[in-house]
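Number of protein chains: 2
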Amino acid sequence: MSDLLNRLGQQSKLAAQQLCLLETAKKNDCLLQMALDLENNLSEILANNQLDLIQAQKNKLSDTMLDRLRLTAERISEMAESIRQVAALPDPIGVVEKMWRTEDQLMIGQQRVPLGVIGIIFEARPNVTTDAASLCFKSGNTVILRGGKEAFHSNQVLVQLMQQTLQKQQLNPAMIQFVTDTSHETAQELMQLNDYLDVLIPRGGAGLIQRVKNNATVPVIETGTGNNHIYVDAAASLDMALNIVVNAKVQRPSVCNAVETLVIHKEIASDFLPRLEKALLPHQVALRGDIEALTYLDQANLATETDWATEFLDYILAIKVVSSLDEAIEHINQYNTKHSETIVTDSYSSGQKFLNEIDAAVVYINASTRFTDGFKFGFGAEIGISTQKLHARGPMGLEHLTATKYIIYGNGQIRE
Amino acid sequence: MSDLLNRLGQQSKLAAQQLCLLETAKKNDCLLQMALDLENNLSEILANNQLDLIQAQKNKLSDTMLDRLRLTAERISEMAESIRQVAALPDPIGVVEKMWRTEDQLMIGQQRVPLGVIGIIFEARPNVTTDAASLCFKSGNTVILRGGKEAFHSNQVLVQLMQQTLQKQQLNPAMIQFVTDTSHETAQELMQLNDYLDVLIPRGGAGLIQRVKNNATVPVIETGTGNNHIYVDAAASLDMALNIVVNAKVQRPSVCNAVETLVIHKEIASDFLPRLEKALLPHQVALRGDIEALTYLDQANLATETDWATEFLDYILAIKVVSSLDEAIEHINQYNTKHSETIVTDSYSSGQKFLNEIDAAVVYINASTRFTDGFKFGFGAEIGISTQKLHARGPMGLEHLTATKYIIYGNGQIRE
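Those sequence lines, one after another, are chains A and B.
Counting from 1, one number per residue, gives the positions in the first sequence under UniProt numbering.
Counting from 1, one number per residue, gives the positions in the second sequence under UniProt numbering.
Please note: incorrect hints may appear among the correct ones.
[What the hints assert, rightly or not] Think about it this way: if two alpha-carbon atoms lie no more than 20 Å apart in a straight line, the pair counts; the simulated EDC-like pairs of lysine to aspartate or glutamate are:
| no. | chain 1 | residue 1 | chain 2 | residue 2 |
| --- | --- | --- | --- | --- |
| 1 | B | K13 | A | E330 |
| 2 | B | K353 | A | E103 |
| 3 | B | K376 | A | E330 |
| 4 | A | K60 | A | E44 |
| 5 | B | K149 | B | E185 |
| 6 | B | K376 | B | E399 |
| 7 | A | K376 | B | D104 |
| 8 | B | K26 | B | E81 |
| 9 | B | K98 | A | D181 |
| 10 | A | K13 | B | E327 |
| 11 | B | K60 | B | E103 |
| 12 | A | K13 | B | E123 |
| 13 | B | K98 | A | D373 |
| 14 | A | K98 | B | E399 |
| 15 | A | K376 | B | E416 |
For the record, the hints were derived by calculation from the structure and aren't laboratory data.
Can you build the whole structure from these sequences, using the hints too?
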């Protein structure tokens, strides 16, 4: 382990002892001040962002990447606004989820406490810095942020500003830490910082998630990849199905809750697929169908095995025709990444069967997959969408950044 | 990955699809039949256990180990009784923990579902086979059991009998699997069976837990080691403190919720320690005190740095004298394994401070640490006691062997 990571880990763990006891009002004051300090240092943030953008252009990064990287006055104001929203959320820490009296007359309460030290590995979007830091701070956790090298200067200035706010508030600036070395080695070290990290949350594409899965020895919460399906049942309202599929595909195709494959019952494929092709035409969605789907489509290519397993994050839709609900469920459970799955149907029994048998964080009847989102669930800002089963599954808000401890009030009980 | 582990993993994952949909009554019938089939095959179980005992004697295993390994008619009947108790527990699967309507008029429910496939690595106690298998089965999870080589024949016959019961009930016997190769390699492979395992739970001593922590790439729930403390505050009732310390040390010293270090305020050390030494005398507890403690004790040795960090699991008690509650909290948070910690005090503010500032799964005021136990918490049988923060912390019952999924009822909602 490098000196850098060891030092960051030690400092974070120490700072966590102060942060876990900090009262809610003080945390909120501090968050509001952080938001203000971002807005008051616009030009410094933009200048640092400019350094990243110049380097990115030299390195010929794609327009999409440049767009993710670019900060503007408006985007910084949105980042500040997100921090204010986190300040406005209820504090999960200290909440006693349940309390009961046992046969031995012990009063046992299950109380929410911070996890401790959270590591976040992310890629090129600088707003993750302030989003993740504010969520960790509000939930009483210190954070070690390790962003991508493309956004180095932007991330660094954002963390420095937040640390200055902490200092002004007489708090340990190590509550929010930044890994200043963006080499692969430090990412690897963060994945194995078992002495200090309570959990590591990777935020980014499938490649990052896979690297973390393969290399981490600390506890990890997997977030993100969504190879999502909509199954249009024989008993579906075709108008509703059309609305939902178009929305889930084109409203924002680059996000993890967009749909990637349409699975459709053969009885309605001849009616539905031509209407869908027409509806998607203005959005220039490339269609990749199985052989049967192609018979109903004018401009589609044959889907490959790889297409069924791919999260396109693009204007591409794979289409699979099935003979039964069972076949649809089997296809989905085989290829999905356990994120978000929808059935469109007016059959009560088909809907219930789909809810029961699909293995995913979120399973819908008659709604767009695009609702898998902390805000839409009513949780407020989210740190990510967990696609694993342990600890948290689905959109993760403040509550999912906590652990619990049992507090027990006795009056001298001993065990017989 | 060996063919053996791959095959077990594949079969378990397939069987999990059937088991997760199995109705409660069928699961309970099957558990009751398993209990009966154990009792009806007493001689076969005892004969296999005899093979293990003969080998253990050849290998000169300690009396403690032999005792852990030994099955008797009475112990088998206790194992059957434990299975019946699991059958009698409420089924956690299908429970909707909460359900709400969102601003978009979506009805979102959070429903308990099985984790999927659970791996259990354990050591020489054959009863773990039936305890773990019945808890996993009731919570809808298939299980891959990998026990120690010392108990190979005992574990194997127990699994074979349970598999026969499954077959008689027209269920896939792969719902309960047994790793027939007890080499170190298969343990290592189970720790990295990422394609099939949803979680791995090690049950055993500190060495096993550490090996799993270092080598596992699958999600792990750490269980077990308890370097637990009792802090006797200046404001404690000394009678109550004496009762609690003696109980927590000698009622069953070999278990993870026994106390290992007494931390005591200096104001009462001269009164309390001689009384404690006298009370522990009949139990032949070896005392290891710091320099100040030794001045009040007749028969104690000087404690070393190692003693503060050791889970003795034996008739040994370390004793540390402190000048303040803060010093006590600091010592405990430094050396504890985040399991169970008690303060004995009649001071309201000291009690509250201890509850707030000690980092452990279970923190007590005025009760023996020995209550950290699934039955005593009211959870029924437990699979272990988690000392990690993610997913489950403290005694783990059936509910902690589940994940959740969000089920969403819509009526055509799309995202604007």
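Each hint, compared with the structure:
1. K13/B to E330/A: Holds - the C-alpha atoms of E330/A and K13/B are around 14 Å apart, at most 20 Å.
2. K353/B to E103/A: violated (26 Å)
3. K376/B to E330/A: Answer violated: K376/B to E330/A is near 42 Å, above 20 Å.
4. K60/A to E44/A: The given pair, whose Cα atoms are some 25 Å apart, is violated under the 20 Å limit.
5. K149/B to E185/B: Measuring from Cα to Cα gives roughly 13 Å; hence the hint holds.
6. K376/B to E399/B: holds (16 Å)
7. K376/A to D104/B: holds (8 Å)
8. K26/B to E81/B: holds (18 Å)
9. K98/B to D181/A: violated (44 Å)
10. K13/A to E327/B: holds (18 Å)
11. K60/B to E103/B: Distance of about 68 Å is beyond 20 Å: violated.
12. K13/A to E123/B: Status violated; Cα separation ~33 Å.
13. K98/B to D373/A: Holds. K98/B to D373/A sits at ~17 Å (cutoff 20 Å).
14. K98/A to E399/B: holds (14 Å)
15. K376/A to E416/B: holds (11 Å)
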